[in-house]
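A.B. asks: For reference, the chains in residue letters:
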Amino acid sequence: MSSINQIPVIEAKRGNPLSKVFDELVRFCRSRSLFILHYCTGCGAIELPPAMTSRFDMERLGIQPMVSPRQADILLITGYVSIKTLKRVILTYEQMGSPKYVIGICSCTVNGGMYWQSYATAKKLDEYMPVDLYIAGCMPRPEAVIAGLQQLMNRIQSGEANSWEDYFRNYDYYLGNQQKLFGDNWQTPTDIITEAKHYNLMGEGTFGEHTRLLEQHQKPLEALDMRLGHNLKEPTE
Amino acid sequence: MRPENYEAQRQPPSNEYELNFGPNHPGIEGNYALKVKLHGDVVIEANADGGYLHRGFEKLMEQRLWIQNIALVPRICVPDPSPMELCYSMAVEQLCGLVVPKRAQWIRVLQLELSRIAAHLFTFGGHAATTGMYSTMYWGVTDRDLLLDLFEEFTGGRVYSIYNIPGGVRRELPPGFLQRVTETLDYIESRLPDYDNLFFKNQVFVRRAKGVGVMTREQALAWGVTGPNLRATGLAFDVRRDDPYQVYDQLEFEIPTEESGDAWARTLVRRHELMESIRILRQVIDALPDIHGSIRAPIPNPLAWNVPAGETYTRVESSKGELCYYVVSDGGPKPYRVHVRGPSSMHAVQVLEKLAIGSRIEDIAQTMFSLDACPPEVDR
Ligand code: SF4
Numbered sequence: 001m002s003s004i005n006q007i008p009v010i011e012a013k014r015g016n017p018l019s020k021v022f023d024e025l026v027r028f029c030r031s032r033s034l035f036i037l038h039y040c041t042g043c044g045a046i047e048l049p050p051a052m053t054s055r056f057d058m059e060r061l062g063i064q065p066m067v068s069p070r071q072a073d074i075l076l077i078t079g080y081v082s083i084k085t086l087k088r089v090i091l092t093y094e095q096m097g098s099p100k101y102v103i104g105i106c107s108c109t110v111n112g113g114m115y116w117q118s119y120a121t122a123k124k125l126d127e128y129m130p131v132d133l134y135i136a137g138c139m140p141r142p143e144a145v146i147a148g149l150q151q152l153m154n155r156i157q158s159g160e161a162n163s164w165e166d167y168f169r170n171y172d173y174y175l176g177n178q179q180k181l182f183g184d185n186w187q188t189p190t191d192i193i194t195e196a197k198h199y200n201l202m203g204e205g206t207f208g209e210h211t212r213l214l215e216q217h218q219k220p221l222e223a224l225d226m227r228l229g230h231n232l233k234e235p236t237e
Numbered sequence: 238m239r240p241e242n243y244e245a246q247r248q249p250p251s252n253e254y255e256l257n258f259g260p261n262h263p264g265i266e267g268n269y270a271l272k273v274k275l276h277g278d279v280v281i282e283a284n285a286d287g288g289y290l291h292r293g294f295e296k297l298m299e300q301r302l303w304i305q306n307i308a309l310v311p312r313i314c315v316p317d318p319s320p321m322e323l324c325y326s327m328a329v330e331q332l333c334g335l336v337v338p339k340r341a342q343w344i345r346v347l348q349l350e351l352s353r354i355a356a357h358l359f360t361f362g363g364h365a366a367t368t369g370m371y372s373t374m375y376w377g378v379t380d381r382d383l384l385l386d387l388f389e390e391f392t393g394g395r396v397y398s399i400y401n402i403p404g405g406v407r408r409e410l411p412p413g414f415l416q417r418v419t420e421t422l423d424y425i426e427s428r429l430p431d432y433d434n435l436f437f438k439n440q441v442f443v444r445r446a447k448g449v450g451v452m453t454r455e456q457a458l459a460w461g462v463t464g465p466n467l468r469a470t471g472l473a474f475d476v477r478r479d480d481p482y483q484v485y486d487q488l489e490f491e492i493p494t495e496e497s498g499d500a501w502a503r504t505l506v507r508r509h510e511l512m513e514s515i516r517i518l519r520q521v522i523d524a525l526p527d528i529h530g531s532i533r534a535p536i537p538n539p540l541a542w543n544v545p546a547g548e549t550y551t552r553v554e555s556s557k558g559e560l561c562y563y564v565v566s567d568g569g570p571k572p573y574r575v576h577v578r579g580p581s582s583m584h585a586v587q588v589l590e591k592l593a594i595g596s597r598i599e600d601i602a603q604t605m606f607s608l609d610a611c612p613p614e615v616d617r
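Protein chains in written order, with our numbering: chain A, 1 to 237; chain B, 238 to 617.
The following block holds chain A by itself, in its conformation from the complex (with noise of 0.2 Å):
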């Protein structure tokens, strides 16, 4: 057995005092270097330049703006998500390498905001994935963003923020209210249930009749129809 599989990573439940201040020091790091994911879906991603430059100043706490979905560990809802921004959402959330966290920031994450009555934002966040911590405001103040934050990296050393399994674990409900808004056939590139496995996070609602009409759906993935224009028409001149 090779040397790594003896470190106890995630939660070890053995008994070995050890491994439990092991435990504690990979949460304090982690919590000391956080990369939050640039996207900008909503009008609350004004405050986030402020926020991040030279007067608020997060770069202190540790946090950084990271260009990559593959490197962030902060999937940062800045607004109202519309139908199609929400696709791209799923997508990059579940591009992330674990642990992840999301924080919604806005009234509009949290239950639609002043576009309540649109037809074209999805209202609930967390219906679609599974959410760390709102900052509630339209728009929250960069103060209010930074302590958002500060509160996110406690619960990190603490332990507590570990919403990112919830999705593992529920993943038929997620799943479900996502067929309800783009149909049946909605599938994504990553296989959730495969590293679900993997990570041995599977629970009670992994599997269910969403994930189900999921496997009958499932298509071998082709390569993506980036084909530009293809349904535009020569110019007849």
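Treat the hints as calculated values from the structure; they're not laboratory data.
There could be a bad hint or two in this list.
In silico SDA-like cross-links for lysine to any residue, where the CA-CA straight-line distance does not exceed 20 Å [what the hints assert, rightly or not]:
(1) B:Lys339 with B:Asp527
(2) A:Lys87 with B:Gly288
(3) B:Lys447 with B:Asp433
(4) B:Lys272 with A:Val67
(5) A:Lys87 with B:Asp286
So the derived list for chain A, only partly shown, Cβ under 7 Å to chain B, looks like this [what the hints assert, rightly or not]:
(6) Tyr39
(7) Cys43
(8) Pro49
(9) Pro50
(10) Arg55
(11) Asn111
(12) Tyr115
(13) Trp116
(14) Gln117
(15) Ser118
All residues carry an ideal CB built from backbone N, CA and C; glycine is no exception.
Dock chain B with the ligand against the given chain A, drawing on the hints supplied.
C.D. replies: What follows is chain B with the ligand alone, placed relative to chain A:
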């Protein structure tokens, strides 16, 4: 990705490929995407892909009271919300025949020009960041924050002020406020030489921006370009001067223009506009203490306000270009139809698609920021 499902596809050898640029991309402004076709790193075709921020404003506004819509309109353009409120208020005033008191008109100009400076500083920051100069971004955003503090003081909101209502403005200026505006303006003006050295005269920026995204005056007119982007092609058109609203006809200011019509010229026009805005604000600050009177025309109970039937079209000059509202009322408590003609829907879709062709992939972001397009306003 499931590797077992992946099969390499046989393609004829080619050096043309397609790329999705955005919506999750550091070089794109806001939540917006472009699908580009590249030959090497030169763009040969670009298609705008919007709709990520669509909220259905025009439909939502039909379902709310005339006064409730005031809270909705600033959300259409996030970096520069004040002209939105004003333009909508002007439309309702025209429908009702309301006459806005003089003092309210001056306060509105104060708010508009502060908002214009804030929006331009934000744009400089974003544009500089696309050329790799992050210090300018830090400076621009931080200096904009000083203006947001002023907004917070006299309207109560940092970004969305919701301060103009049909008939006037909501609150009187706090005591000593004009003094603080003067101080902030002095500070921003004293910073401009630093900005020049760091950004506008910096060879890194000048060489990258010159000759990028060039449009001629004829093209600009044909594509419906307005605002600083049109003035960068040498045509001095500005709604503030050519179709004055509020008290702009009593103010002295110039319409800065540039000839070359490229990204560099567009940014320079904005820099000169910043100076003109400071000049306008100084005149407003001088004039305001002598103008007394109420700040709001009497309006009926806003919750039972039936605006007389009719239609109207108003326009103002926002920091991005010409902003227009077409409002129809059928005499009821809610608008019958509201249409927003925002400048960015031209700049970010048809203009950007054409200007991107022939440029290098790394210059798309710069072209977009130099056009100062505002994606929430494109999608609405
Ligand atoms: S809560 Fe307000 S600021 Fe935030 S996304 Fe919604 S409308 Fe915009």
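A.B. asks: So, for every hint listed, does it hold in this structure?
C.D. replies: Here's how the hints hold up against the structure:
1. B:Lys339 with B:Asp527: holds, 11 Å
2. A:Lys87 with B:Gly288: Roughly 12 Å separates the two Cα atoms, so the pair holds.
3. B:Lys447 with B:Asp433: holds, 16 Å
4. B:Lys272 with A:Val67: holds, 19 Å
5. A:Lys87 with B:Asp286: holds, 15 Å
6. Tyr39: holds, 5 Å
7. Cys43: holds, 4 Å
8. Pro49: holds, 5 Å
9. Pro50: With Cβ-Cβ at 5 Å, under 7 Å, it holds.
10. Arg55: holds, 5 Å
11. Asn111: Because about 15 Å separates A:Asn111 from the closest Cβ in chain B, which is outside the 7 Å limit, the hint is violated.
12. Tyr115: A:Tyr115 check passes; min Cβ-Cβ to chain B is 5 Å, inside 7 Å.
13. Trp116: violated, 10 Å
14. Gln117: holds, 6 Å
15. Ser118: holds, 5 Å
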